[in-house]
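Okay, here's what each chain looks like letter by letter:
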Amino acid sequence: MNIELIFQIAGIGILTAIFHTILKQAEKEEYAFIATLAGVSIALLMVVQLLAELLETVKGVFFL
Amino acid sequence: MVGIGLTGTILAVYVKESNKEMAVFISLATGLILFIFALSKMGTVLEVMNELAARAQINMFYLTTVLKIMGIAYIAEFGAQVCKDAGEGSIATKIELAAKILVLALALPIITAILESILRLIPS
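Protein chains in written order, with the working numbering: chain A, 1 to 64; chain B, 1 to 124.
Calculated directly from the structure, the hints in this document are not laboratory data.
Treat the hints with care, as some may be off.
To be verified - Partial pick of chain A residues on the chain B-facing surface, computed with a CB cut under 10 Å:
id, residue
1, 3
2, 6
3, 9
4, 17
5, 28
6, 31
7, 33
8, 44
9, 46
10, 50
11, 55
12, 57
13, 58
To be verified - Chain A residues, not near chain B, derived (Cβ > 12 Å throughout):
id, residue
14, 25
15, 26
16, 27
17, 29
18, 30
19, 34
Glycine included, every Cβ here is placed at the ideal spot set by N, Cα and C.
Bound conformation, chain A alone (with noise of 0.2 Å):
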């Protein structure tokens, strides 16, 4: 089990929160939202993947 994915995106998510705090307190709104795109991003690649070996999965069991 891969539970550590689950931490990952929880730190991903609690970094991109404090960047975009700082970066808003420095009025630098710009940056502040590509941060949170960027993070949402790499979260975003994590789920996909886990995402695809879910479907692999269910192909292979329910003969699809």
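Using the hints provided, position chain B relative to the given structure of chain A.
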């Protein structure tokens, strides 16, 4: 498995107040991990079912159709739940509708077979 679910829930709630999209990702990843785990156990059950069907000499077409319907139902249910969690109830309803139509399309040959055998029973 319960531990994984609880860990994911706690992390999602913790992250939600600062970052809403990440909470969705966390719940999605938790659900996927649990699902993959359950499916790997499901595989052995299905192997036994296949063997029993082969021994009872049931037409394999019916069994594979039932299994396909089960797979579609599983995937659609999962997707709809994720959409509902993210607050998109309408998309979830549409996913369920599409899944129902697909299941109906898969079940259509069996329904026609039943109707044909009924027609054969009626003396014309």
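Item to check | In rising order, the numbers of the hints this structure does not comply with | outcome: As far as the earlier hints go, 5, 6, 7 are violated by this structure, in ascending order.
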